[in-house]
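Trainee: Given next are the chains, with one letter for each unit.
Number of protein chains: 2
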Amino acid sequence: MNFLEERIVKDGIVKPGNVLKVDSFLNHQMDIELLDEIGREFKRRFADKKITKVLTIEASGIAIAYPVARELGVPMVFAKKSKSINIEGEMYVAEVESFTHKKTNQVIVAKKFLSPEDHVLIIDDFLANGCALQGLISIAEAAGCTIEGLGIAVEKGFQIGGRVIRNLGYRLESLAIVESMNAETGEIVFRQQ
Amino acid sequence: MNFLEERIVKDGIVKPGNVLKVDSFLNHQMDIELLDEIGREFKRRFADKKITKVLTIEASGIAIAYPVARELGVPMVFAKKSKSINIEGEMYVAEVESFTHKKTNQVIVAKKFLSPEDHVLIIDDFLANGCALQGLISIAEAAGCTIEGLGIAVEKGFQIGGRVIRNLGYRLESLAIVESMNAETGEIVFRQQ
Chain A
1 MNFLEERIVK DGIVKPGNVL KVDSFLNHQM DIELLDEIGR EFKRRFADKK ITKVLTIEAS
61 GIAIAYPVAR ELGVPMVFAK KSKSINIEGE MYVAEVESFT HKKTNQVIVA KKFLSPEDHV
121 LIIDDFLANG CALQGLISIA EAAGCTIEGL GIAVEKGFQI GGRVIRNLGY RLESLAIVES
181 MNAETGEIVF RQQ
Chain F
194 MNFLEERIVK DGIVKPGNVL KVDSFLNHQM DIELLDEIGR EFKRRFADKK ITKVLTIEAS
254 GIAIAYPVAR ELGVPMVFAK KSKSINIEGE MYVAEVESFT HKKTNQVIVA KKFLSPEDHV
314 LIIDDFLANG CALQGLISIA EAAGCTIEGL GIAVEKGFQI GGRVIRNLGY RLESLAIVES
374 MNAETGEIVF RQQ
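Note that the protein sequences, when read in sequence, are chains A and F. Here the working numbering is used: position 99 in the first sequence is 99, and no number is missing along the way. Residues are numbered in the working numbering as their position in the second sequence, beginning at 1, plus a constant of 193.
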């Protein structure tokens, strides 16, 4: 097990319905030392890529993207969730379905912050059905960016998102891929990588 | 002028209606070096305080709170904006009016992440009417925390929030306080501190 898998086993909580709570260290309360280590790990994994910008989505993605951008020495851009239909021509827009909240959100990035010269690394904390990530991909593609890869802290390997993204031909690195969870015993099985 | 005021003059854009856009470096695209310097500056300003936790609010607050928590060597907790009325007893809840979006949001923090032993530093990127900050204060007070102070990147000194918070007796440090702006000339006047 790597450092993140160890931490998930130690402090993650498995709830019924395949819910994994990591809110004590990853996406509500944040352990900055752990996040800094995540930043170093993604730098290592994408060391062969020349990245000019880190792209993520609010809110908890920001705390993963920050240390990655810091390690890489590049700016970070976060996509905003917007409910307003009234978007000017200055924005890239993607429709993202939220299964948690059972509705469709618009995700927006100002056009001036992404260009065809950009080589982006897309970062997020969680990958399940992959809708948020596909929204970020479509925005980066609309901007003509080169997508150098995608980095995820925790992937739910039993949901479809990871397979969809990899089948699209993108390099997707997930630090921990959960294959199965048991809410009764609390057991978590990770995919061997 | 300090480093943040200089950056605002260089890259901030004044729009009609007293709107100051700092989205190219502070709250949409993020300049990580600048944010790291903000972290060091807040550590310096609150060096006399023993802080155990940094509290902020999603989304852009996270990118300011991260380097502050990093410098202080403490965890960061961010309050979530929630529209659901159906909040369990596990959450501290505050009502926050959003003038931008003309509605009331609930702001929530899980009870397990704040305790009477905590000495919190509240951090946010912007202070205007102060509603978000008052929500964070009421949550920290409901948890019995000691509020050691509040740190803001950009305060709109011509709006009421700063005065309200200081009148409540809290120590509020704003790195840049805008006294007035002129959308025609682009001129920005800062308060002498």
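Just to be clear, a hint being listed does not mean it is correct.
[Claimed, not checked] Listed below are the simulated DSS-like cross-link pairs for lysine-lysine, each with C-alpha atoms no more than 25 angstroms apart in a straight line:
1. F:Lys296 - A:Lys112
2. F:Lys304 - A:Lys21
3. F:Lys236 - A:Lys80
4. F:Lys208 - A:Lys81
5. F:Lys305 - A:Lys111
6. F:Lys242 - A:Lys80
7. F:Lys243 - A:Lys80
8. F:Lys242 - A:Lys103
9. F:Lys242 - A:Lys81
10. A:Lys102 - F:Lys273
11. F:Lys273 - A:Lys103
12. A:Lys21 - F:Lys208
13. F:Lys208 - A:Lys112
14. F:Lys243 - A:Lys81
15. F:Lys304 - F:Lys274
16. A:Lys15 - F:Lys236
17. F:Lys296 - A:Lys103
18. A:Lys81 - F:Lys295
[Stated by the list, open to error] To spell it out: a stretch of chain A is covered by chain F in this simulated footprint if at least three of its residues, at any positions, have a beta carbon under 8 angstroms from a beta carbon of chain F; those stretches are:
19. 65 to 77
20. 107 to 114
[To be verified] Just a few of them, taken from the derived set where beta-carbon distance is under 8 angstroms, the chain F residues facing chain A:
21. Leu213
22. Tyr259
23. Ala262
24. Ser275
25. Thr297
26. Phe351
27. Glu380
28. Ile381
It is worth saying that the hints were derived from the structure and are not from the lab. A virtual CB, placed ideally from N, CA and C, is assigned to each residue, including glycine.
Trainee: If a hint holds in the structure, say so; if it does not, say that too.
Mentor: Okay, the hints, checked on the actual structure:
no.	hint	result
1	F:Lys296 - A:Lys112	violated, 29 angstroms
2	F:Lys304 - A:Lys21	holds, 15 angstroms
3	F:Lys236 - A:Lys80	violated, 29 angstroms
4	F:Lys208 - A:Lys81	holds, 23 angstroms
5	F:Lys305 - A:Lys111	violated, 40 angstroms
6	F:Lys242 - A:Lys80	violated, 34 angstroms
7	F:Lys243 - A:Lys80	violated, 34 angstroms
8	F:Lys242 - A:Lys103	violated, 44 angstroms
9	F:Lys242 - A:Lys81	violated, 36 angstroms
10	A:Lys102 - F:Lys273	holds, 18 angstroms
11	F:Lys273 - A:Lys103	holds, 18 angstroms
12	A:Lys21 - F:Lys208	violated, 42 angstroms
13	F:Lys208 - A:Lys112	holds, 17 angstroms
14	F:Lys243 - A:Lys81	violated, 36 angstroms
15	F:Lys304 - F:Lys274	holds, 15 angstroms
16	A:Lys15 - F:Lys236	violated, 38 angstroms
17	F:Lys296 - A:Lys103	holds, 19 angstroms
18	A:Lys81 - F:Lys295	holds, 17 angstroms
19	65 to 77	holds (count 9)
20	107 to 114	holds (count 4)
21	Leu213	violated, 16 angstroms
22	Tyr259	holds, 5 angstroms
23	Ala262	holds, 5 angstroms
24	Ser275	violated, 10 angstroms
25	Thr297	violated, 15 angstroms
26	Phe351	violated, 26 angstroms
27	Glu380	violated, 23 angstroms
28	Ile381	violated, 20 angstroms
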